[in-house]
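*Asks:* Keeping the supplied structure of chain A fixed, place chains B, C and D upon it in accordance with the hints.
Protein chains: 4
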Amino acid sequence: QDPLALITGPCQLESHDHARMMAEKIAEACAPSGTRFIFKASYDKANRSSISTQRGLGMDEGLTILSKIREEFGCPMLTDVHSESHCAPAAEAVDVLQIPAFLCRQTDLLLAAGETGAAINVKKGQFLAPWDMGNVAEKIASTGNQRIMLCDRGTSFGYNTLVSDFRGLPTMAKTGYPVVFDATHSVQQPGGQGTTSGGQREFAPVLARAAVAVGVAALFIETHEDPDDAPSDGPNMIPVDQMRALIDRLVAFDRLSKGL
Amino acid sequence: QDPLALITGPCQLESHDHARMMAEKIAEACAPSGTRFIFKASYDKANRSSISTQRGLGMDEGLTILSKIREEFGCPMLTDVHSESHCAPAAEAVDVLQIPAFLCRQTDLLLAAGETGAAINVKKGQFLAPWDMGNVAEKIASTGNQRIMLCDRGTSFGYNTLVSDFRGLPTMAKTGYPVVFDATHSVQQPGGQGTTSGGQREFAPVLARAAVAVGVAALFIETHEDPDDAPSDGPNMIPVDQMRALIDRLVAFDRLSKGL
Amino acid sequence: QDPLALITGPCQLESHDHARMMAEKIAEACAPSGTRFIFKASYDKANRSSISTQRGLGMDEGLTILSKIREEFGCPMLTDVHSESHCAPAAEAVDVLQIPAFLCRQTDLLLAAGETGAAINVKKGQFLAPWDMGNVAEKIASTGNQRIMLCDRGTSFGYNTLVSDFRGLPTMAKTGYPVVFDATHSVQQPGGQGTTSGGQREFAPVLARAAVAVGVAALFIETHEDPDDAPSDGPNMIPVDQMRALIDRLVAFDRLSKGL
Amino acid sequence: QDPLALITGPCQLESHDHARMMAEKIAEACAPSGTRFIFKASYDKANRSSISTQRGLGMDEGLTILSKIREEFGCPMLTDVHSESHCAPAAEAVDVLQIPAFLCRQTDLLLAAGETGAAINVKKGQFLAPWDMGNVAEKIASTGNQRIMLCDRGTSFGYNTLVSDFRGLPTMAKTGYPVVFDATHSVQQPGGQGTTSGGQREFAPVLARAAVAVGVAALFIETHEDPDDAPSDGPNMIPVDQMRALIDRLVAFDRLSKGL
Numbered sequence: 001q002d003p004l005a006l007i008t009g010p011c012q013l014e015s016h017d018h019a020r021m022m023a024e025k026i027a028e029a030c031a032p033s034g035t036r037f038i039f040k041a042s043y044d045k046a047n048r049s050s051i052s053t054q055r056g057l058g059m060d061e062g063l064t065i066l067s068k069i070r071e072e073f074g075c076p077m078l079t080d081v082h083s084e085s086h087c088a089p090a091a092e093a094v095d096v097l098q099i100p101a102f103l104c105r106q107t108d109l110l111l112a113a114g115e116t117g118a119a120i121n122v123k124k125g126q127f128l129a130p131w132d133m134g135n136v137a138e139k140i141a142s143t144g145n146q147r148i149m150l151c152d153r154g155t156s157f158g159y160n161t162l163v164s165d166f167r168g169l170p171t172m173a174k175t176g177y178p179v180v181f182d183a184t185h186s187v188q189q190p191g192g193q194g195t196t197s198g199g200q201r202e203f204a205p206v207l208a209r210a211a212v213a214v215g216v217a218a219l220f221i222e223t224h225e226d227p228d229d230a231p232s233d234g235p236n237m238i239p240v241d242q243m244r245a246l247i248d249r250l251v252a253f254d255r256l257s258k259g260l
Numbered sequence: 001q002d003p004l005a006l007i008t009g010p011c012q013l014e015s016h017d018h019a020r021m022m023a024e025k026i027a028e029a030c031a032p033s034g035t036r037f038i039f040k041a042s043y044d045k046a047n048r049s050s051i052s053t054q055r056g057l058g059m060d061e062g063l064t065i066l067s068k069i070r071e072e073f074g075c076p077m078l079t080d081v082h083s084e085s086h087c088a089p090a091a092e093a094v095d096v097l098q099i100p101a102f103l104c105r106q107t108d109l110l111l112a113a114g115e116t117g118a119a120i121n122v123k124k125g126q127f128l129a130p131w132d133m134g135n136v137a138e139k140i141a142s143t144g145n146q147r148i149m150l151c152d153r154g155t156s157f158g159y160n161t162l163v164s165d166f167r168g169l170p171t172m173a174k175t176g177y178p179v180v181f182d183a184t185h186s187v188q189q190p191g192g193q194g195t196t197s198g199g200q201r202e203f204a205p206v207l208a209r210a211a212v213a214v215g216v217a218a219l220f221i222e223t224h225e226d227p228d229d230a231p232s233d234g235p236n237m238i239p240v241d242q243m244r245a246l247i248d249r250l251v252a253f254d255r256l257s258k259g260l
Numbered sequence: 001q002d003p004l005a006l007i008t009g010p011c012q013l014e015s016h017d018h019a020r021m022m023a024e025k026i027a028e029a030c031a032p033s034g035t036r037f038i039f040k041a042s043y044d045k046a047n048r049s050s051i052s053t054q055r056g057l058g059m060d061e062g063l064t065i066l067s068k069i070r071e072e073f074g075c076p077m078l079t080d081v082h083s084e085s086h087c088a089p090a091a092e093a094v095d096v097l098q099i100p101a102f103l104c105r106q107t108d109l110l111l112a113a114g115e116t117g118a119a120i121n122v123k124k125g126q127f128l129a130p131w132d133m134g135n136v137a138e139k140i141a142s143t144g145n146q147r148i149m150l151c152d153r154g155t156s157f158g159y160n161t162l163v164s165d166f167r168g169l170p171t172m173a174k175t176g177y178p179v180v181f182d183a184t185h186s187v188q189q190p191g192g193q194g195t196t197s198g199g200q201r202e203f204a205p206v207l208a209r210a211a212v213a214v215g216v217a218a219l220f221i222e223t224h225e226d227p228d229d230a231p232s233d234g235p236n237m238i239p240v241d242q243m244r245a246l247i248d249r250l251v252a253f254d255r256l257s258k259g260l
Numbered sequence: 001q002d003p004l005a006l007i008t009g010p011c012q013l014e015s016h017d018h019a020r021m022m023a024e025k026i027a028e029a030c031a032p033s034g035t036r037f038i039f040k041a042s043y044d045k046a047n048r049s050s051i052s053t054q055r056g057l058g059m060d061e062g063l064t065i066l067s068k069i070r071e072e073f074g075c076p077m078l079t080d081v082h083s084e085s086h087c088a089p090a091a092e093a094v095d096v097l098q099i100p101a102f103l104c105r106q107t108d109l110l111l112a113a114g115e116t117g118a119a120i121n122v123k124k125g126q127f128l129a130p131w132d133m134g135n136v137a138e139k140i141a142s143t144g145n146q147r148i149m150l151c152d153r154g155t156s157f158g159y160n161t162l163v164s165d166f167r168g169l170p171t172m173a174k175t176g177y178p179v180v181f182d183a184t185h186s187v188q189q190p191g192g193q194g195t196t197s198g199g200q201r202e203f204a205p206v207l208a209r210a211a212v213a214v215g216v217a218a219l220f221i222e223t224h225e226d227p228d229d230a231p232s233d234g235p236n237m238i239p240v241d242q243m244r245a246l247i248d249r250l251v252a253f254d255r256l257s258k259g260l
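Protein sequence lines correspond, in order, to chains A, B, C and D.
Residue 233 in the numbering used here sits at position 233 of the first sequence, with consecutive numbering throughout.
Residue 145 in the numbering used here sits at position 145 of the second sequence, with consecutive numbering throughout.
Residue 168 in the numbering used here sits at position 168 of the third sequence, with consecutive numbering throughout.
Residue 211 in the numbering used here sits at position 211 of the fourth sequence, with consecutive numbering throughout.
I should point out that these hints are in silico values taken from the structure, not numbers from a laboratory.
Do not take every clue at face value.
If several chains are the same, the list does not tell them apart, and a pair holds so long as it fits within one copy or across any two.
Result set (DMTMM-like, lysine to aspartate or glutamate): computed pairs, CA atoms no more than 20 Å apart in a straight line [stated by the list, open to error]:
hint, residue 1, residue 2
1, Lys-68, Asp-95
2, Lys-68, Asp-228
3, Lys-258, Asp-248
4, Lys-174, Glu-202
5, Lys-258, Glu-202
Bound-form chain A, shown alone (with noise of 0.2 Å):
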């Protein structure tokens, strides 16, 4: 098994210095442990909460900023793509497409982001069973793409609250496919705040830490210089002066985890 992958970075893309600028301090935070990262983000918030909240750059500035911040840091990249008609440009500029949650089911956008030959990280809808994800996983497949993740986000759990359960991830590993932990959507609450979604950040190195004792391939966590001012998931965001040590920490257990 190789050891823990990061997919970090800082939800929404406010602009090319601002992904500089994270990308540099990730890469800092990385370094010490020799944790290989996956730079993520959005360039289009296509589901928020309400309509009045910011949705991103768009798909052009997005994804010329994307490509460059690869170019200069050589680290593979990750975004989201929402419509069918995104998938072949954003898999010229990044590395791996995420499908997210609300959209897993959709089979166009999945045979559409398999056929681009890209990595595909696909969350587990809050509304699917962990045992569902096989037929996820089959239809990106069935495009002769088996470079498939699948990534746990958190599960409905009563009103604007998930749950995140860990029997899941061995059973979502048992498709073969590398299994990925969400530690920031899954301390959201969704819905939480009237017009957005609120969160837990405080447990986001809770449940990372339990991921990666329980065994997964990566984790998933956002983070910001200033996660309250961020324009999306700011409550659940790490401030990335936290990042090294909590790194640091969650490789530990990765290592005992995996016997490395």
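*Replies:* Chains B, C and D alone, transformed into the frame defined by chain A:
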């Protein structure tokens, strides 16, 4: 308040002949009680559990059939849309565009649907609280289109199970928009049969009666002449020859509920 | 089928005078529709959220008052029992022993209650599926006592919230025992106010109407002349001066539902 | 922080010989890692799913055996109590009284247990939020007994299923009392086999590992030499010959988690 309306039809559009036969039987079932119905059929099941299940006739053939049925029967028509580009053509052929539950947070789809000026029936995501639907309606209303219906089709409750929380109907009604209860998909067992969803048909009339007693503008009930051989949603559809008795009974509850 | 019966009263027994006043007002509210009622009051709230909330008058004083109310009003009486040793004395004073939801799996309590020969109203645990109540009923029936009622008071749904699954009423009815719907505790928010439980009084009539439309033998609705100052369950009790209108409306639905 | 302790034993007390054999095997499994264990066995399964399943040896014989095992092995003993009158005699024979999850809100039982001065391990009800356990602990502490442990054994999640929310462990730890994770009952499927509860033994070590990574004072893991023939909880108990490897692994995670 208006008497109960019915959104009904055979889940998936199978052929012009089949749709005509179903529309005839439905018209007969509704006539004795004078119940207005909106004919519902899908031309594309874009989010099936598994890649190997039937998706339907496709948009062009589907919309042609739907507009013919509308001409022949003079009844309003409803179909569901899964991408922005389908909204305008679908709005030519039908009167009501339906936003699927999984897609109820996709801003672009809501806006594209709203901009057609058609009536919009938006299903509450299984992952959303009833009070979160206000934000969803506002996205549509931001286009200037206020012809919005909010539809409950169950909420995630553990794995492979939905529950109908009838507090949600008056909660959604506080938005001022008419509320619909989907008795067919509320008894679905998502993913419950491995590669297809299961269902508990026997509970659809039970929940429909409860919803009408609580008070709704419309019920959504799918029907088929042979549910066990229907291409989708068979386990939760009502046999069409049982529809008249069911409608008559529901209308009696509606009259009592609304004091008509 | 018999017309709807009502289990009603002031949650906690406060004094002989208060119980008499409540019984009078309830009798007045039930008279116009000819609704039979069972007077319910608890002499000991043995499972309050917090140690610092009021528990009640205790068994001796409580049972004395209950038996006097029975004499004065000639109505059947119900109280809840929390330990084996209380069953026999309680069965002297009242007609129906109620098993609290948290205790519905305690074999000794079920047997002790059953052995009194009194009717038993057993609440479905918030942690149980409706079909699990068959085993609970069998424990009681093993004493030779078949006078059993199964009562739904909501099911755990996330934290501090209950949901009423109306599929549970016909499911429990398959046991052959009469089914009761508890509209008061189904809208409880357990632990939702820190050291006491909250509630959503406005939804009690909504869920009651749904239950009657589905079909139940009896409704359980607590009432008080001043719910906001009641010693327990205030947030979900119905003001007693609203009971007549509520009962009249529920009886109309019951007649329609049962074809009476 | 102290190293991880283990609460372990054969769910149901079967005989003196069986208990002695189990204690020997457990002592052997714990010795290499120097893990302290508390021997757990129940003399009465008072809340079985069905009336026709075995309840155990009863209090007199049970407590006699438990006190003999304590003498022979010198290990602390734990048993669960279901009524006030059992607390004092049980506290003579064992060191820790356990309050079952269904009974965690029964004030009299909590007080009677607290008044013995024994340590109390109180299980979080499947129907309670983690933050609701503060009120439960306060009931016990009102007796002057502060030797309280709070134990998570899963939370209701749909029907016949529990989920372990690992945010609950640090939430309960905020009370200041040591927190225990029950890996055996957290993988129970309550009522899942008709007249008995099912279980998912394969996930007990998974969840145990997650809990230790998050950080707990103790783990509760039931074990048996032949789980499939055990009189209760067979589907979720760990075979005793697998305990040493499991304990060794968990201790490694505990050391990392606590920096020992």
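*Asks:* Are the hints correct? Go through all of them and say.
*Replies:* These are the hints, each one checked on the structure:
Taking the closest pair of Cα atoms, Lys-68 and Asp-95 come within 20 Å of each other only inside a single copy of the chain (13 Å); across copies the shortest separation is 46 Å, beyond that limit. In this assembly of identical chains, Lys-68 and Asp-228 lie within 20 Å of each other by CA distance neither inside one copy nor across copies; the values are 27 Å within and 55 Å between. With identical chains, the CA atoms of Lys-258 and Asp-248 are at most 20 Å apart both within one copy (15 Å) and between copies (15 Å). In this assembly of identical chains, the alpha carbons of Lys-174 and Glu-202 lie at most 20 Å apart only when taken from different copies (13 Å versus 30 Å within one copy).
For the homomeric pair Lys-258 and Glu-202, the shortest alpha-carbon distance between copies (18 Å) is at most 20 Å, but the shortest distance inside one copy (26 Å) is not.
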